[in-house]
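Undergrad: Here are the chains, one letter per residue:
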Amino acid sequence: MGWIGDTADSIKSIQIRQLLTQGVSLGMIVTSALIIWKALMCITGSESPVVVVLSGSMEPGFKRGDILFLHMSKDPIRAGEIVVFNVDGREIPIVHRVIKVHERQDTGEVDVLTKGDNNYGDDRLLYAQGQLWLQRHHIMGRAVGFLPYVGWVTIIMTEKPIIKYILIGALGLLVITSKD
Amino acid sequence: MHSFGYRANALLTFALTILALMCALASFSDNFNFPSPSAEIQIVKFNWFQKQPHGNDEVSLTLNITADLQSLFTWNTKQIFIFVAAEYETPQNSLNQVSLWDAIIPEKEHAKLWIQTANKYRFVDQGSNLRGKEFNLTLHWHVMPKTGKMFADKLVMSGFRLPEEHR
Chain A
1 MGWIGDTADS IKSIQIRQLL TQGVSLGMIV TSALIIWKAL MCITGSESPV VVVLSGSMEP
61 GFKRGDILFL HMSKDPIRAG EIVVFNVDGR EIPIVHRVIK VHERQDTGEV DVLTKGDNNY
121 GDDRLLYAQG QLWLQRHHIM GRAVGFLPYV GWVTIIMTEK PIIKYILIGA LGLLVITSKD
Chain B
1 MHSFGYRANA LLTFALTILA LMCALASFSD NFNFPSPSAE IQIVKFNWFQ KQPHGNDEVS
61 LTLNITADLQ SLFTWNTKQI FIFVAAEYET PQNSLNQVSL WDAIIPEKEH AKLWIQTANK
121 YRFVDQGSNL RGKEFNLTLH WHVMPKTGKM FADKLVMSGF RLPEEHR
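Those protein sequences? They're chains A and B, same order as listed.
Under the UniProt record's numbering, the first residue of the first sequence is numbered 1, with each subsequent residue one higher.
Under the UniProt record's numbering, the first residue of the second sequence is numbered 1, with each subsequent residue one higher.
Chain A extracted, bound-state conformation (with noise of 0.2 Å):
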């Protein structure tokens, strides 16, 4: 009996201590890539420092997928730059190029329209009903950098939740058997 008794109790002693162990890692894993995200956020100055894109509305420069890093900087905005904005009653921001500029000389207030490289019209349809210019507070940042495919990941995340699941879970399952 003596002796059943204390191989659980060891068996039980190992476990409480790796299971503590796994945890802490785990949640190093989770902690570190929300200090990374926020440290991004300060440095870059917008609230999503990087953005997938969505829509094909600016291939072939941009296609479904890619991902863009962003900037948010006291600069004006000027014709010709990408920018990533969001329109009132619209969940999902938009990433298309400014082509005209209206600043006014008083206020510095700008008026911006905006249009996809491989649209045929402005955004005039997509902006608010009766919305004829995107205003600053419209805009979270302009596109600096840009890296192709690695938005996919997300893409197919988001799409089709059981990859998802079953990658979180082999994560976790790495996680837990790994004894290093």
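What the hints contain is simulated information worked out from the structure, not anything from laboratory work.
Hints are not guaranteed to be accurate.
Unchecked claim - The calculated DSSO-like cross-link candidates involving lysine-lysine, where the alpha carbons are at most 27 Å apart (straight line), are:
#, chain 1, residue 1, chain 2, residue 2
1, A, K74, B, K154
2, B, K112, B, K78
3, B, K133, B, K120
4, A, K74, B, K149
5, A, K38, B, K149
To be verified - Under 10 Å between C-beta atoms, here's a sample of chain A residues computed to sit facing chain B:
#, residue
6, R78
7, G80
8, F146
Every residue, glycine too, gets a C-beta built ideally from N, C-alpha and C.
We have chain A; now place chain B onto it with these hints.
TA: Okay, now just chain B, sitting in the frame of chain A:
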């Protein structure tokens, strides 16, 4: 320790690191290209010039665009987006930029241009300030890379003037 999962993980991490490094290097190599693009824009004619019903001036014009942008291309260049914008100042606005025409150049072989075209986008002012207005025509280019940092620059051509009267 040397399980299948462990090895697969190490291989994947190594491959991704090398790929990221190569992307960074490709983007960095763009800094060693010192381009010398040239361009000239002429206004062939003003097609019409009028005041819209709600009061904004609108003009239609025909442009003659000559440019040699071949030196902008590097091995990391996917395409170059170019556009011509009219830029001017009005009493209300310290800057007005109105894109008139644009194009995508996919290859170096097509980077020598000679184009005569009417404005593709409407040249509309915010208000009625265009009569006799002096303005610049600026050729902007936006170099879109295969990977990494995007570059943009421009050539300003000044001294254009709109007609004194609507017609």
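Undergrad: The structure should be examined with respect to each hint, and the outcome stated for every one.
TA: Cross-check of the supplied hints:
1. K74/A - K154/B: holds (21 Å)
2. K112/B - K78/B: holds (17 Å)
3. K133/B - K120/B: holds (21 Å)
4. K74/A - K149/B: Distance of about 19 Å is within 27 Å: holds.
5. K38/A - K149/B: holds (21 Å)
6. R78: holds (7 Å)
7. G80: holds (4 Å)
8. F146: holds (6 Å)
In this structure, every one of the numbered hints holds.
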